[in-house]
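Respectively, the protein sequence lines represent chains R and V. The numbering of the first sequence is the numbering used here, which starts it at 1 and goes up by one. The numbering of the second sequence is the numbering used here, which starts it at 1001 and goes up by one.
Think of the hints as simulated: they come from the structure by calculation, not from any bench. Among the clues, some could well be false.
What the hints assert, rightly or not - Computed footprint of chain R on chain V, listed as stretches where at least three residues anywhere in the stretch have a Cβ under 8 Å from a Cβ of chain R:
| no. | region |
| --- | --- |
| 1 | 1007–1016 |
| 2 | 1069–1078 |
To be verified - Taking beta-carbon pairs under 8 Å as the criterion, some of the chain R residues facing chain V (in silico):
| no. | residue |
| --- | --- |
| 3 | Val11 |
| 4 | Asp30 |
| 5 | Thr31 |
| 6 | Leu63 |
| 7 | Thr64 |
| 8 | Trp74 |
| 9 | Val77 |
| 10 | Trp81 |
| 11 | Pro82 |
| 12 | Trp83 |
Fair warning: this is a prediction, and the values are worked out from it, not measured in the lab. Where a beta carbon is used, it is the ideal one built from N, C-alpha and C, also for glycine.
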Amino acid sequence: MTGNDRNRERVLKQIQALAFAQYDLILFLDTHPNDQKALHAYHKVTPQLKELRKYYRENFGPLTPAEVDSTTEWTWVCGPWPWEN
Amino acid sequence: MWQYEKKLQFPINIKRPNPKLANYIISQYGGPDGEMGASMRYLSQRYSFDDDVAKALLTDIGTEEMAHLEMVGTLVHQLTKNATTSEIENSPLALYYVDHAKGVWPTSAAGQAFTSMSFQVKGDPIADLVEDLAAEQKARVTYDNILRLSNDPDVNRVIAYLREREIVHFQRFGEPK
Chain R
1 MTGNDRNRER VLKQIQALAF AQYDLILFLD THPNDQKALH AYHKVTPQLK
51 ELRKYYRENF GPLTPAEVDS TTEWTWVCGP WPWEN
Chain V
1001 MWQYEKKLQF PINIKRPNPK LANYIISQYG GPDGEMGASM RYLSQRYSFD
1051 DDVAKALLTD IGTEEMAHLE MVGTLVHQLT KNATTSEIEN SPLALYYVDH
1101 AKGVWPTSAA GQAFTSMSFQ VKGDPIADLV EDLAAEQKAR VTYDNILRLS
1151 NDPDVNRVIA YLREREIVHF QRFGEPK
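Just chain R, with the same shape it has in the complex:
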């Protein structure tokens, strides 16, 4: 495993942690739509996740097919895919 692979895994893990926090808040807010504390936490975690996803996309490639940056290559098809190790 190269240094770049390790760095990619490290950033991906941070994204997974933030996205998990966000998703758990989403479910909580679904049944507590007026909970100000949870709404505040959602608005704290969401821009952090957005920023980290941008860093990932620019350095390691798109997380969705709608965010391919390259104008010369269709990078969505590039592995590794999530089930591979």
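With chain R's structure known, arrange chain V on it following the hints.
Here is chain V on its own, set in the frame of chain R:
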């Protein structure tokens, strides 16, 4: 609609092949209390609900269940990928291997194909939500059973995470008014 995200909800990196454990875990892919049934149950039930909270909850938990289906499929894949033919032959996965090799196919641990008869869409919010509460408990018990049968810490970390999500979903499904 849905858009795929090229990431798992929780990291999985299995180092040791274990076709026997794969055969147990596949029940949460296509078995009676597995993630395929869970996602289809919630995403199908939501159409007949009037309550916006319940519609959001069924949509979002149903979506998370698809991410869990992918995690269970990943476990089965990584537990079998580097298994030798001899390891498979000496495991309960041998009969599955005849038809599916190392592909991931929705079935229960005991070999029953996935069926929509393992869940209901009753068109009645009380009946459906009460089924959903029970479904989360049944999935939690299945993960408990798998934890008792597994001694691989890389697997158990993932199973414990999935088990915990069943508890959170159970809590949420009790909250719509």
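Hint check results:
1. Look at the region 1007–1016 of chain V against chain R: 8 of its residues bring a Cβ nearer than 8 Å to a Cβ of that chain, three or more, so the hint holds.
2. Only when three residues or more bring their CB closer than 8 Å to a CB of chain R does the claim for the region 1069–1078 of chain V stand; here the count is 5, and the claim holds.
3. A cut of 8 Å between beta carbons decides the hint on R/Val11: the least distance to chain V is about 11 Å, and the hint is violated.
4. The closest approach between the C-beta of R/Asp30 and any C-beta of chain V is roughly 4 Å, which is under the 8 Å cut-off, so the hint is satisfied.
5. With a least beta-carbon distance of about 4 Å to chain V, the hint placing R/Thr31 at the interface is held under the 8 Å criterion.
6. The criterion of a C-beta within 8 Å of any C-beta in chain V is met by R/Leu63, whose closest approach is roughly 5 Å, and the hint holds.
7. With a cut of 8 Å, the hint placing R/Thr64 at the interface with chain V holds, because the nearest CB-to-CB distance is about 5 Å.
8. Restraint check, R/Trp74 versus chain V: the minimum CB separation of about 14 Å is more than 8 Å; hint violated.
9. The closest approach between the C-beta of R/Val77 and any C-beta of chain V is roughly 10 Å, which is over the 8 Å cut-off, so the hint fails.
10. The interface hint given for R/Trp81 is met, as the beta carbon of that residue sits about 7 Å from the closest beta carbon of chain V, less than 8 Å.
11. Checking R/Pro82 against chain V by beta carbon gives a least distance of about 5 Å; that is within 8 Å, so the hint holds.
12. Against a cut-off of 8 Å between C-beta atoms, the interface hint on R/Trp83 holds, since the closest Cβ of chain V lies about 4 Å away.
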